[in-house]
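From first to last, the protein sequence lines are chains A and B. Under my numbering, think of the first position of the first sequence as 1, with each following residue one higher. Under my numbering, think of the first position of the second sequence as 1, with each following residue one higher.
Think of the hints as simulated: they come from the structure by calculation, not from any bench. Just so you know, even glycine gets a beta-carbon here, dropped at the ideal spot from N, CA and C. There's no promise every hint is true.
[Said to hold, decoys possible] Taking CB as the label site, the calculated pair distances span:
#1 A/Ala141 <-> B/Glu250: 49 to 59 Å
#2 B/Ala35 <-> A/Lys75: 18 to 28 Å
#3 B/Arg41 <-> A/Asp35: 22 to 32 Å
[What the hints assert, rightly or not] Residues of chain A clear of chain B, computed beta-carbon distances all greater than 12 Å:
#4 Lys47
#5 Val73
#6 Leu135
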Amino acid sequence: MIEPEHCTLIIEKYYNEIFSYCYAKLGYSHHSAEDCTQEVFVVFFSKHERLDETDNIRLWLYRAADNVIKAFVRKAPPPAVSLEDSPEAMNIADSGGFAENGDSPLDLLSSEERQLLELYYNSDYGQRNEAAKRLGLSLPALYRKIHKLKKKLRAAEK
Amino acid sequence: MNKEWFNLKDISITDKLSDKNMLYDLQRLLDEELAKPLEERDLDAVKDITDAIVGINDEEIPKPVGAEGILAEVSARKKRGRIVQLRRWAAVISACFAVCIALNFYTLRTYGYNVVETLIKAVSSGFSVDLAHFDDQLPLSPATTATTVTTEDMQSVTTVTVTTIKSQSTLGSTEAQTTEPITTTRSAGGSTPSVSADPLSEALGNSAEAAEPVVRAIWEASSQNSMEVCYPTYIPYDAEGLELTDSSSEQLKDSKDLYFTFSNGEKTLDLIIEEYISKDLMPEAVIPSDKMDYYLMESADYNGFIIFEDESNTALFVYGNTVYTLHTRGFDRSDIRDIAENFVPFFTGSSEK
């Protein structure tokens with residue numbers, strides 16, 4: 001049996017991870033993901049007495065999340081979202097570009113960061129995957145870096 | 001060089017497809033991972049991908065809800081779940097599928113009533129009970145011997161056992177004494193109760209020691225809600241140490257309800273008391289139970305029955321305008337029977353025989 005104090009630690013440890021999972025599976029809906037994440041932990045707490053310290057809690061939470069998401073979608077199917085058509089779902093900022101003033105915000109980037117951007121824009125999916133491996137990164141990690149660089153540039157524009 | 005980077009800058013900032021492409025790629029990776037059986041998934045990879053999806057969408061992950069908040073929700077759901085589990089009012093169910101079947105064959109000849117047909121209907125989900133007429137139609141204190149009936153024509157179950165057993169209350173009584181029901185004065189339903197100066201003290205004096213926390217909790221809650229209710233004079237000695245772990249009350253349109261949960265770690269006792277404004281407002285109840293093994297209670301003052309299941313037992317009885325639902329876990333079958341058959345009202349102040 002898991003002690004309540006331990007439950008708190010488990011929430012702290014896995015909450016973000018489960019939220020991200022729900023978010024990715026629920027069409028990038030923040031509120032739906034938040035609701036489902038809370039539900040996963042309510043289910044966890046209500047059944048934690050039946051779990052053992054040795055149980056794979058993480059796997060258990062993912063399984064619970066799958067079930068909660070299924071139930072959630074059955075009750076209130078999320079609106080069909082096309083990644084291409086919904087800026088809201090994508091939540092992508094559109095800066096509109098830089099003014100041609102000669103001072104390039106790219107100067108803010110290190111050469112390594114510039115290379116990353118170049119790598120991203122000059123390659124396809126397979127090449128990016130390979131490149132990420134060469135850099136010792138996963139593709140998601142590479143994309144996160146690229147996204148950060150773009151945000152940095154956008155911020156510099158402002 | 002500068003020009004080259006400038007072009008790159010423009011691309012990286014203005015192309016809306018860039019983030020979409022990344023998300024598309026990530027979603028593809030995620031789908032590949034999720035296509036595997038759960039046990040074979042690389043959860044680190046799933047986390048990596050989903051974290052990136054959240055990050056690229058510039059989402060802020062909400063702060064985790066505190067354990068207290070979740071515990072409160074869990075507690076509330078458990079309570080609601082118990083009520084749903086124990087009593088599913090048939091307002092909906094009777095309209096949908098409460099079909100009276102099968103049990104007509106059985107008549108309690110002792111009473112001259114087809115009790116089961118009249119009051120307890122087998123429905124596809126368990127028992128449907130007409131509480132409003134429960135008290136009127138079952139004769140009180142039946143002097144019956146054990147009866148076992150097996151159906152051959154049940155739609156939802158294969159075997160039904162109806163058992164009426166002589167009480168074996170252990171309230172310091174001999175077997176001869178326990179075959180006589182405890183006599184109390186009915187206070188509900190219009191009669192005037194005789195009010196004791198200190199009903200709680202009197203109730204505690206009338207009760208087994210192990211019942212004290214239960215009696216106190218019921219007294220306190222019923223006093224606060226201006227309800228006249230009954231308390232159990234008997235709790236088996238091996239259930240000593242019961243503590244009130246959860247309680248609440250509700251004032252509904254037609255009733256005042258009290259909920260209690262007592263536990264000593266090994267044994268749990270839930271009690272729901274619903275005092276209706278009028279008997280006519282008592283709904284029909286459905287007791288969901290796969291095993292239709294029940295026992296008709298023996299009490300001088302109220303009628304009820306107990307559903308026996310593998311790990312828990314549920315007693316349901318009606319006293320005046322009040323419905324009592326008692327659910328035990330960890331108690332013997334005889335325990336719930338003895339507890340349920342020995343409820344007396346506070347305001348008559350007596351359980352004299």
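Take a quick look at A/Leu135 and tell me if its Cβ sits farther than 12 Å from every Cβ on chain B, holds or violated. holds (14 Å)
Distance restraint evaluation - B/Arg41, A/Asp35, Cβ atoms, bounds 22 to 32 Å: holds (23 Å)
Just tell me: holds or violated, for the beta carbon distance of A/Ala141 and B/Glu250 against 49 to 59 Å? holds (53 Å)
Verify that the Cβ of A/Val73 lies farther than 12 Å from every Cβ atom of chain B, and report whether the claim holds or is violated. holds (14 Å)
Does the claim that A/Lys47 lies off the interface hold, with its Cβ farther than 12 Å from every Cβ of chain B? violated (9 Å)
Is it true that the C-beta distance of B/Ala35 to A/Lys75 lies inside 18 to 28 Å, as the hint says? Holds - the Cβ-Cβ distance for B/Ala35 and A/Lys75, about 25 Å, lies within 18 to 28 Å.
Of the numbered hints listed earlier, the single one contradicted by the structure is hint 4.
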